[in-house]
Each structure stands twice: as C-alpha cells, then as structure tokens.
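**Q** Take 17 as the starting number for the sequence shown in my numbering and just add one per residue.
Worth flagging that the hints you see were computed from the coordinates, not collected in a lab. One or more of the hints may lead you astray.
Heads up, simulated SDA-like pairs for lysine to any residue below, C-alpha to C-alpha not over 25 Å straight-line [claimed, not checked]:
| id | residue 1 | residue 2 |
| --- | --- | --- |
| 1 | Lys199 | Trp280 |
| 2 | Lys131 | Ala66 |
| 3 | Lys71 | Ala204 |
| 4 | Lys131 | His268 |
| 5 | Lys199 | Thr305 |
| 6 | Lys199 | His94 |
| 7 | Lys131 | Asp108 |
| 8 | Lys71 | Asn54 |
| 9 | Lys131 | Ser81 |
| 10 | Lys199 | Pro93 |
| 11 | Lys131 | Arg100 |
| 12 | Lys199 | Trp58 |
| 13 | Lys199 | Lys71 |
| 14 | Lys131 | Lys199 |
| 15 | Lys131 | Ser59 |
| 16 | Lys199 | Val79 |
| 17 | Lys131 | Ala102 |
| 18 | Lys131 | Ala204 |
Source: prediction; values computed, not measured.
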Amino acid sequence: MSASTAESTAPLTHTWAPAVARTVPSTPPAPSFSIGTNEPTWSNSGCRVAVSALKYDSRTNVVTSYDGQVISGLYLPHGRIEVRHANVTIRDCVIGVGWDSSRAYIQNNCGIVHKPSANTSGNLIEYVTIDPTNAASPVTAGRAGARDVWGNDAQTSGIYGYGMTVRRCAIRHVTDGVMPDVKVGQMAPSRVEGNYIETRWLAYDRDQRDGTHNDGVQLAGGNGHVIRGNTLRNPSGNSVVKGQCVVLTPYHGPITNTVIDRNWMYGAYTQVSAWPHLSEGGPNCSGTTITGNRHGGQCVWPILVTPEVKASSVAIGSNVAGPAGLTWNNGRTAAGGSIKVNVTAAR
17 MSASTAESTA
27 PLTHTWAPAV
37 ARTVPSTPPA
47 PSFSIGTNEP
57 TWSNSGCRVA
67 VSALKYDSRT
77 NVVTSYDGQV
87 ISGLYLPHGR
97 IEVRHANVTI
107 RDCVIGVGWD
117 SSRAYIQNNC
127 GIVHKPSANT
137 SGNLIEYVTI
147 DPTNAASPVT
157 AGRAGARDVW
167 GNDAQTSGIY
177 GYGMTVRRCA
187 IRHVTDGVMP
197 DVKVGQMAPS
207 RVEGNYIETR
217 WLAYDRDQRD
227 GTHNDGVQLA
237 GGNGHVIRGN
247 TLRNPSGNSV
257 VKGQCVVLTP
267 YHGPITNTVI
277 DRNWMYGAYT
287 QVSAWPHLSE
297 GGPNCSGTTI
307 TGNRHGGQCV
317 WPILVTPEVK
327 ASSVAIGSNV
337 AGPAGLTWNN
347 GRTAAGGSIK
357 VNVTAAR
C-alpha cells in the first residue's frame, strides 16, 4: 500500500485477557489512518480484536503449514509464530512470546520469525500486537550478576524476516523491533509502514560485550527497503544508551536504495545511522534517502553517516525536530520544527 493511501480500520475494542498482567489500552484504532500523516501510537496500532474474542493457543511455537496460509485471530500468551512458507498473511493476533530455552539467540526468540532455510517471500504481517508477557524491567536486569533474568523473556525481539511487509503493528518491550534481513543471492525488499515500535534498555546483555543495543528497525542487507510512517521509541535519559531508531548495518549484503520517510523518532543514541560492514571495508550502504522524519526526545546524533559509508551516497532531506523539540549531543537543543536535522559525523 502506498503512503498516500488511507486505510480504514473497524472501531473494535482492544483489551488484554485477565490472565495477562500488563494492560493494553482499550482505545480502538482510529476510523481512518494515513501512513506518514497520522502518528502511530500504542492505542491506535496493533490487533483490532478484543483478546477475549481471540482463539487462545498455549503453544510456544506455532509453525506455518503451507504457502498462502492466513493466520488470524490467535492469542499466544507464551508463544511465537515461525514462518516456513511464502505468501503467508498474519493478521489480528496478540503475541506474548514467552521464554523458550531452545531459542538460543535474538532471531530465534522473536514474536514472528522467518526460517532462514525456507522460501518465505511475499509475507504480510498486519495489525499484530507483540508485547512480551514477562519482559524484564531495567531495574531487574541491571542488578549485579543478574543472569537469572534470562529465566524469562528479557531477550525477545519483534519480527525477523525476508521480503516481508509489516504494517500497522504494535510492538513494545522488545530488544529489537523489526529486523528485515537478506538471504545470500536474494535481495527482496521489505516494507515497514505505520507501526508503533518501542524498544527497551537492558543493563546487562550476555550477547553484547559492549552493552545493550536496542534498534527499532535494523537492516542487515537488501535493495529497496521502505521504512515509512512508523513511531520508533528508544530509551533515553541522563545517559543515552546505545541503540538506534533505524540502523543500516550491511552485515549480510549491501544495503541499497533504502527509503526512510516520514517517521516519528524518539530517544536512542542515533535516531538514524548508516554503518559500513562489521569487519570494515566490506559491503556498504548507497542510495539511501532520509526525508520528512520528525526527531524528538534526547539522543546523541539525530542522523549519523559514518565516514566509511560516504555522505554522498545518502540523500538527507527536510527532517525536522518534532513539536516537543529535540536535545542531542550533550545539550544542543532545537525547538519544534525549527531546524533541518542534517548531521554527518565520525564515530
């Protein structure tokens, strides 16, 4: 669906079942919603069906069965969905993820994960709520020697996959939000549009030796990805933690012709950043367009393009401070709407 297309959603009540401690706001999605014009919130995004009307499923891993399958109306308080087929639609579900010791790492412990060895192209994920049931709080995760934190689902993420469309979902209390990846030899683009994505900070992360990294949308490779009209909230405070609202990290292949357009971004270390290959000198980013985004909260850099990427390969348009203003780089401030946030800096 293009950014100019308005979509209509039915005014249905959105509440948690009594067994779930965390409360989902009961405000229904807005009657009409235009991606890139209306800001996604937790209340107007995600599953449009009351949890009490969904089908309860106690499984920890729901696996797709065939190409073209439609999965709709599931409530998985402790489960995830594993996609092993193409042209699958996942719609109007609530996913609590839960902890499963067999899921060893971040990609395997997502609310929705696409199996790397399968053909999972052309999948649509829309109006899905992902909110880990037992997400650890920063206080618990930060205690000395708090490895017991990993007895719950502290290290869960939202959606990981290939060539997918993720639209109008609500994702929060996750380590990373949406991770579009690329398979070797396949450059299918993903579209991430009109979602509410909120990540959380963990003081202790056993898989990151240099601290927690929390990214709203992280690209690992691919051509033609579109990141449009999302709300991306990352933690911030007196000390801004590492993480990005949108990050281009070409670990698995070049990242080319990415569009980052009309998003709302809050917090994070950098709100948009483009990096070289992890080992330096490898595949790079090119043809990136960053325009029309609204930057708010506190961060270190609103937009960071590392020298290895070459600023000439990134087109930065009219990105502005949001109506509440922006604070960055140890106290620089901008009133709402008063500046173009065009920042190029070394690491």
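**Q** Indicate, hint by hint, whether the structure satisfies it.
**A** Each hint, compared with the structure:
1. Lys199 / Trp280: violated, 29 Å
2. Lys131 / Ala66: violated, 29 Å
3. Lys71 / Ala204: Cα-Cα ~33 Å, so violated.
4. Lys131 / His268: holds, 16 Å
5. Lys199 / Thr305: holds, 23 Å
6. Lys199 / His94: violated, 29 Å
7. Lys131 / Asp108: holds, 21 Å
8. Lys71 / Asn54: Violated, because 30 Å separates the two Cα atoms, which is more than 25 Å.
9. Lys131 / Ser81: Holds. Lys131 to Ser81 sits at ~13 Å (cutoff 25 Å).
10. Lys199 / Pro93: violated, 30 Å
11. Lys131 / Arg100: holds, 6 Å
12. Lys199 / Trp58: violated, 32 Å
13. Lys199 / Lys71: violated, 34 Å
14. Lys131 / Lys199: holds, 11 Å
15. Lys131 / Ser59: violated, 30 Å
16. Lys199 / Val79: Holds - the C-alpha atoms of Val79 and Lys199 are around 20 Å apart, at most 25 Å.
17. Lys131 / Ala102: holds, 11 Å
18. Lys131 / Ala204: holds, 15 Å
The structure fails hints 1, 2, 3, 6, 8, 10, 12, 13, 15 (numbered hints given earlier, in ascending order).
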